[in-house]
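Novice: Since chain A is already given, all that's left is putting chains B and C on it; use the hints.
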Amino acid sequence: MAVSIVMPQLGESIVEGTVAKWLVREGDLVEKDQPLLEVSTDKVDTELPSPAAGVIGKILVAEGRTVDVGTVLATIEEAVKQVHAPGAPEPAPPRAQSPAGAPPVRATPRLSREAIAEGRMREAARARETVDRPAAPREEDRRRISPLVRRMAEEHGIDLTEIRGTGIEGRVTKSDVLGWISRGAPARAPQIAPAAGRNASISEEAAATPAVPAEEGFLRIPTFSVPRYAPQPGDQVIPFSRIRKRIADHMVYSNVISPRVTTVAEVNMGTVATLREAHKAALRAEGVTLTFLPFVIAALTRAITDYPGINASVQEDTLILKKAIHVGVAVDTERGLLVPVIHGADRKGVLDLARAVQDLGNRARDHALTPDDMAGGTIAVTNPGAKGNLFGTPVINQPHVVIVRMGEVVKRPVVVEVDGEDLIAIRPMMYLALTYDHRVVDGVMGNGALHRLREILEAGAFDL
Amino acid sequence: MAVVTYLKAISDALREEMERDENVFLLGEDIGVLGGAFKVTDGLFSRFGPERVIDTPISEELIVGAAVGAAVMGMRPVAEMQFMDFISCGFDQIVNMAATLRYRHGGEARCPLVIRGPSGAYVHGGLFHSQNTEAWFAHVPGLKVVYPATARDAKGLLKAAIRDDDPVIFYEHKFLYRRIKEDLPDEEIITPIGFARVAREGSDLSMISYGATVWMCLEAAEILAKEGVSVEVLDLRTLAPLDRPAIRATVGRTNKCLVVHEDHRTLGIGAEVAAFVVEECFDQLDGPILRVCSEDTHYAFSPNLEEFILPNTEKILTKARALLAY
Amino acid sequence: MTEKKDRDVELYFLMKLSRMFEERVTALHKQNKIIGGVYSGIGQEAVVVGMCYGLLREDFIAPLHRDLGCFLVKGVDPRLLMAQLMGKKTGLSKGKDSFLHGGDLEHGVFGATSMLASTLPVAVGAALKFRMKREASVAIAFFGEGAGSRGPFHEALNFAGIHKLPVVFVCENNRYAYSTPQELQIPIDDVADRASGYGFKGVVCSGNDLHAVLEQAQKAVKRAREGGGPTLIECKTYRYHGHSEHDMATYRTADELIEWESRDPILRWEIYLEKRGRDIDQVRAEIEAQCREIVEEAVRFAEESPFPEAKEAMEDLYAMPIERK
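Chains as they are written, first to last, in the numbering used here: chain A, 1 to 464; chain B, 1 to 326; chain C, 1 to 325.
Please keep in mind that the hints were generated in silico from the structure rather than gathered at the bench. Since the structure is predicted, the reported quantities are computational estimates derived from the model, not experimental observations. Where a beta carbon is used, it is the ideal one built from N, C-alpha and C, also for glycine. There may be inaccurate statements among the hints.
Lysine-lysine pairs mimicking DSS-like chemistry, simulated, CA-CA at most 30 Å apart [to be verified]:
(1) Lys39/B with Lys88/C
(2) Lys30/C with Lys88/C
(3) Lys174/A with Lys319/B
(4) Lys32/A with Lys21/A
(5) Lys181/B with Lys159/B
(6) Lys39/B with Lys133/C
(7) Lys387/A with Lys411/A
(8) Lys174/A with Lys325/C
(9) Lys30/C with Lys89/C
(10) Lys164/C with Lys133/C
(11) Lys387/A with Lys21/A
(12) Lys89/C with Lys325/C
(13) Lys319/B with Lys226/B
(14) Lys58/A with Lys32/A
(15) Lys174/A with Lys226/B
(16) Lys159/B with Lys30/C
(17) Lys280/A with Lys387/A
(18) Lys174/A with Lys315/B
(19) Lys89/C with Lys319/B
(20) Lys159/B with Lys89/C
Covered by chain C, per the in silico footprint, the following chain B stretches (three or more residues, Cβ under 8 Å) [to be verified]:
(21) 66-73
(22) 103-113
(23) 164-170
(24) 276-290
In isolation and in its complexed conformation, chain A is listed as follows:
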């Protein structure tokens, strides 16, 4: 009897999910609750545990594809229960039970650094599983690869399945690899492949997910062979976590896809500072810290009214101007930078925004964000806080077209006009940077929006 694995609803408003990675392959023996695949929605990733024990049948949705909630991703054949029956004859390897001619998920192991890292993670996962049960036999398990051979293959871009091993049980040895290289093996240069290929397929399915125009051919990422560094004693080798990998892919993608322009304004925060002082204590009683950030968010929502083009996203050849204003707020956590979202920020006063910022920050650090918290942002603000330095040029949180970055607020001598007379006064000043996607935001709009933002902040007429 077949059991279906379906895309679950991972949040109240979630209607679709992306298959990030399959942890099993067709024909694998799995146990109930064993992780089968990773599903991702925005930045919240999760593993789907198996609903039943059995053998993985057909995998229907490939890695990288985004499908609606409820879509069947794969099936599990429960027939193998007899395998566990005491005294039962040794069953044929489950792999042989997979449908004849069914193509494996991967014909040959990819030998990019990423593939190797993935392989290691898979092995680590399997090692944990074998505590409880024998691992499903696989080609790679039978071919025991020594650490040296694994490294040599990685360095020379060699597909080990192409080499006939002369070691015990056909193991590929060092001399096998050296012989292969000396015979002029068709070595492939190891590449740093940006997220392009991986996300390309997503774009076919997912309207909300950005497209990489690699297929259209106007963007070519040159390959570059990075010299391998052998870790030295004392070095720390930290494999990417899933979140780190997502961040890295996102940053590379954003940098490649959007031609960024950053414009910087110097903002007199004097009025805002006075307001902040006046309300700080009341909020502190609630456990909320009132920073400059909620003022900037409030000002940004008002600037958007005048410059709607900055609250938008690009989808293939289309610009979508968003009606709702959902402001993403960058939060630093031990796992990496997250950008949870304040929904309907334009409908909130400054104090409510402060409460929302505090709540998201707390929950981000407590690992308590829901997929809904992460979804739907239309624009983002990043506030590096007291150590934010003069200014910075942030990378756009895709698929937004604008991100605003706050510098540190410091007292500076500035020229102010008092009763028609120029005076040098000390004021809390901040460099405020606005980065825009020059594909769709022209200089007039980008500069105008930031200028407006500055006016609003300096005027300090806020709904609290």
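Specialist: Same frame as chain A, now just chains B and C:
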């Protein structure tokens, strides 16, 4: 140049150091008139007299403790254990008194002390004249542990140990005493502590060893060379601190690692070598790290028992071939 | 006569300093300013002061864990001693070990291990050096009646007896090895009797009578310096506190404690000073003021001293470190 045995090399080192530095003196059981159970100190009593070659009562704890007391007062005592099996009777003085001395005195004390003696089996010595106790002391911070395999190193390392300002446990292999003969130069030999020695260069497999088994590794390497296999033999020489760069280098050259020692397998020096190789040279390994060691039992007396327990060239060859084929 | 008077007051000062220092240590321990085990020698001051008084800097002493007075008499800086007890970087062992395991070889004070009697062979080794180098120095090793049951005691006395080495073995018989009474420790009344088995003289004296200790100490030290060989001096004494500050010493009676407190070595010395015509109230006030100043200065110094940095745990293992990373 003169042909000297491993034993004579040790004796010469003692004599030369006593002549060089009047603070060097010897104490131990039967080392005076008799010249030691193995005649290592033969002739030294008549040369230096009873004050510098002291026959002690059977009191290992006193021998080590008094050596510590003299050492902190500026002397350079060399204490003999008649057999290294007996060192357990002086254990407290070594691991608690000597090893911690400088540390608990806030770095304001020196303990230039050598404890030396015959170790190891292959001589039908039975349970209490065959033991390999080096790993006990390699485990203790504050001690240095040295184990030469050649006459040259026996002389050079002992002279370095006597001149060292820290407690050094100096192992001599009784099987090698009269079997190893080498031409040694007339000029002074000092072998620095802490450095391993490549006893034979090779490219296909590293044998990492020390003491008497170094010679068995060399014999096995010679046999394998006739089969077209190139074996490197690394003689550790110093067991604490281990020469980690040398281990890293040999594994980097051959990518296969066989550790050979006479001490028991469990928690022997080989376990530390293997752990280090896995920690720091993992992606240099083209096969598992294998060990040839004594079985985890006592060094039994009857010849067939002793042969079963101890490493030999055949056992090394078997493991080496398995690793080469891997 | 003046010299005699000054010496009497100096001895009083040393016993008072030792006691006031220790009382302060006990208080600091209760305030959690001194962590770890605190082993009080209060009640035994006459032994350590009497044995060490008049020794030279070159003389070697191996004190016990409760012989704080030995350090003071031998000239160790009280500030460094207090820092040692607090585990500070400025302490004798730079924070590496607690209490009296840190020695000061500059002043001929050897740091003990916790293996009692293990320092006896070491003192014998120091004496061996004095003999070999024809030096007139002496080595003094302290031990308790309990440690006299251990092997190194016998091995050390045996060897010292054979070679007539310049060493004095001082047994501080305070009747209890932790909780074990003397009757369960040795089958004879006097540890001093052991000496005859090793070919030298053993004497018994009251460890609470400074005169008695001084007399025996000076005889034994003179004998050692003149090549007459070792001596075993057994000082019968009593510790007022438990084995350590966390030991309530319930294994002994209140009567026993009171009896010994009435033989207090410092009170006895005060009576002696009074009989010698001193105004004891005045002397006591002056000495206590002096001692308090020294102790408070030591506490201030120790409290202001930093703890060692974590990485210092790897330092001072070797005089000639070999880095083969």
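Novice: Could you run down the list of hints and mark each one as holding or not?
Specialist: To see whether the hints hold, each was checked on the structure:
Distance hint between Lys39/B and Lys88/C is unfulfilled; the C-alpha atoms sit about 50 Å from each other, more than 30 Å. Between Lys30/C and Lys88/C, the direct Cα distance comes to roughly 18 Å. Compliance with the 30 Å bound is thereby established for this hinted pair. At most 30 Å may separate the alpha-carbon atoms for a hinted pair to count; Lys174/A and Lys319/B meet this at roughly 19 Å. Proximity of Lys32/A to Lys21/A is assessed by CA-CA distance (about 19 Å); at most 30 Å being required, the pair is judged to hold.
Simply put, Lys181/B and Lys159/B have alpha-carbon atoms about 19 Å apart, close enough for the 30 Å limit, and the pair holds. Restraint check for Lys39/B and Lys133/C: satisfied, since their Cα atoms lie roughly 28 Å apart, inside the 30 Å limit. A threshold of 30 Å between alpha carbons decides the hint, and for Lys387/A with Lys411/A the separation of about 14 Å falls inside it, so the pair holds. Using a Cα cut-off of 30 Å, the hinted pair Lys174/A and Lys325/C holds, with the two alpha carbons roughly 27 Å apart.
For the proposed pair Lys30/C and Lys89/C, the alpha carbon gap of about 22 Å is at most 30 Å, so the pair holds. Taken as a hint, the Lys164/C and Lys133/C pair is honoured in the structure, with Cα atoms around 15 Å apart against an allowance of 30 Å. About 37 Å separates the Cα atoms of Lys387/A and Lys21/A, which puts this hinted pair outside 30 Å; it is violated. A threshold of 30 Å between alpha carbons decides the hint, and for Lys89/C with Lys325/C the separation of about 27 Å falls inside it, so the pair holds.
Between Lys319/B and Lys226/B, the direct Cα distance comes to roughly 17 Å. Compliance with the 30 Å bound is thereby established for this hinted pair. Straight-line distance between C-alpha atoms of Lys58/A and Lys32/A comes to about 17 Å, which keeps the hinted pair within the 30 Å bound. Taking the CA atoms of Lys174/A and Lys226/B, the gap is near 22 Å; set against the 30 Å cutoff, the hint holds. With a C-alpha separation of about 52 Å, the suggested pair Lys159/B and Lys30/C falls outside the 30 Å cut-off, and the hint is violated.
With a CA separation close to 20 Å, the supplied pair Lys280/A and Lys387/A stays within the 30 Å bound. Taken as a hint, the Lys174/A and Lys315/B pair is honoured in the structure, with Cα atoms around 25 Å apart against an allowance of 30 Å. Proximity of Lys89/C to Lys319/B is assessed by CA-CA distance (about 52 Å); at most 30 Å being required, the pair is judged violated. With a C-alpha separation of about 36 Å, the suggested pair Lys159/B and Lys89/C falls outside the 30 Å cut-off, and the hint is violated.
Against chain C, the segment 66-73 of chain B contributes 8 residues with a C-beta closer than 8 Å to a partner C-beta. That satisfies the three-residue criterion, and the hint holds. Proximity of the segment 103-113 of chain B to chain C, defined as three or more residues with a beta carbon under 8 Å from a beta carbon of that chain, is established by the 10 residues found. Given as covered by chain C, the segment 164-170 of chain B passes the check, having 3 residues with a CB less than 8 Å from a CB of that chain where 3 are the minimum. By the rule of at least three residues with a Cβ nearer than 8 Å to a Cβ of chain C, the coverage given for the segment 276-290 of chain B is violated, with 0 such residues.
Violated hints, in rising order: 1, 11, 16, 19, 20, 24; the structure is consistent with all others.
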